[in-house]
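S.K.: Starting from the known structure of chain A, arrange chain B on it as the hints suggest.
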Amino acid sequence: MAKIKYIEFNGTEHEADVANGLSVMEGAIQNDIPGIDADCGGGMSCATCHVYINDDEWFKKLPEKEMGEDDMLDQAFEPKSNSRLSCQLIISDDLDGLTVHMPEKQV
Amino acid sequence: MIKTDVVIIGAGPTGLFCAHQLGIIGLKCEIVDNLDKIGGQCIELYPDKPIYDIPAVPKCTGEELTNNLIEQIKPFNFNFHLSDRVQELKNEKNKWLVKTLNGKEFETPNIVIAGGVGSFEPRKFPTKSAEKYDGKSVLYSIKDKTIFKDKSVVIFGGGDSALDWAIELSNSSKVTLVHRRDEFRGAPASVQKIKELSDNKTIDLITKYSIKDVKGNGSLESVEIKSETGDSKVIKADYVLGFFGLIMQLGPIAEWGLNLDKKTIPVNTENFETNKKGIFAIGDICTYPGKLKLILSGFHEGALAARGCFKYARPDEKYRFEFTTASSTIKDRLGVKE
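Quick mapping for you: the protein sequence lines, in order, are chains A and B.
Residue 1 is where the first sequence starts when you use the numbering used here, and the numbers rise one by one after that.
Residue 108 is where the second sequence starts when you use the numbering used here, and the numbers rise one by one after that.
Just chain A, same shape as in the assembly (with noise of 0.2 Å):
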């Protein structure tokens, strides 16, 4: 179980628990919490569910990115550096208090 802090971009925050072996994404869907769309249900095959970590030491925390992630960052609204596919953020304890921020918009 971690729990979860997420951003929207007008600066709206959502706390969620969200159970271990979920996704970042599920935690928001399921919590009916605003800003990730994740159009595709969680493939990697979209970019909409797009956040940033904006807190450098837990971007390097963070599993690191699989071969595709980047590539479907490049297709997501306003990618930058620190941006991560929340569908590929699986939870575990190690991710209790992570905050991550939404983009202004997924699509």
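FYI, nobody ran anything at the bench for these hints, they're computed from the structure.
A couple of the hints might just be wrong.
[Claimed, not checked] List time: in silico DSBU-like cross-link candidates among lysine-lysine, alpha-carbon distance up to 35 Å:
no., chain 1, residue 1, chain 2, residue 2
1, A, 80, B, 322
2, A, 105, B, 302
3, B, 281, B, 258
[Said to hold, decoys possible] On the chain A side, residues computed to face chain B include the following (Cβ under 10 Å):
no., residue
4, 42
5, 68
6, 70
7, 75
8, 76
9, 104
10, 106
Please read these numbers as outputs of a predicted model, since none were measured by experiment.
Even glycine gets a Cβ: it sits at the ideal position worked out from N, Cα and C.
M.R.: Only chain B this time, still in chain A's reference frame:
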């Protein structure tokens, strides 16, 4: 005006298999898709990626799956209307009048929406100022490459479209290629070629930059780009091209008075009918308790929706359940000779 039993919106795997099921039970259908080819997300997003969860098919690519489905519905000779989009629905005496963007008209008792997550459209530049030039000097696809001759063209993107056009246009235009990172996702040979063209100064290659603004006075004059560290540059540009892949937009479907839950359409799980009589929704676009966005779920949904269509297409007939292994009627429809 084309009269038919069913109009299917979406030629992805779900729409194709629903067409198959309609053919099996003796109904006609017309299939409309916004893309210029059959296959939906399978073809557009992952033609080469293996899929491992199609029942009884241990492994196949999106393209193989599509080709097999096309083969499977061939006996029925259904019409495809590609590069077109259903724009308008009107109900008249238990029939739906359907109009497409290209002006086609259908009269049908049934519509099956198998639209995935909506229609694919190119992802555009986030900068507001680019909208002013959209379709004129800011482009997301190329119809006529001769317009770029001897012009300054700035191309954004790191995939095959961006690389291929940068290579192609470098023969007759001044090309600048801008990408947000050092790695490119295009084919290795194209990436190699781009590096060569950049080394011999045929094109300008700028990485770790993205668009900031486009500027002009009536006509486009330049594009300003920015790096993440805050640097910016201005490049002369007659044309700006963006190749950031496709996004999915619900589009006109949202205007038809259907109940919507976010970007999906709630249906009943008996026949996948929506809140509108004669309009069904299947595949990724429908939702119900327990919904899985799997191709196999779409197949099941299409089979049941097809039976739902039968009721309105043949109100005076009783639907009789038959197996393809045993029914001679079905074998006739499939053109099978024994």
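S.K.: Hint by hint, say whether it matches the structure.
M.R.: The hints, checked one at a time:
no.: 1; hint: A:80 x B:322; result: holds, 23 Å
no.: 2; hint: A:105 x B:302; result: holds, 33 Å
no.: 3; hint: B:281 x B:258; result: holds, 6 Å
no.: 4; hint: 42; result: holds, 9 Å
no.: 5; hint: 68; result: holds, 8 Å
no.: 6; hint: 70; result: holds, 7 Å
no.: 7; hint: 75; result: holds, 4 Å
no.: 8; hint: 76; result: holds, 8 Å
no.: 9; hint: 104; result: holds, 8 Å
no.: 10; hint: 106; result: holds, 9 Å
Hint compliance for this structure: every hint is met.
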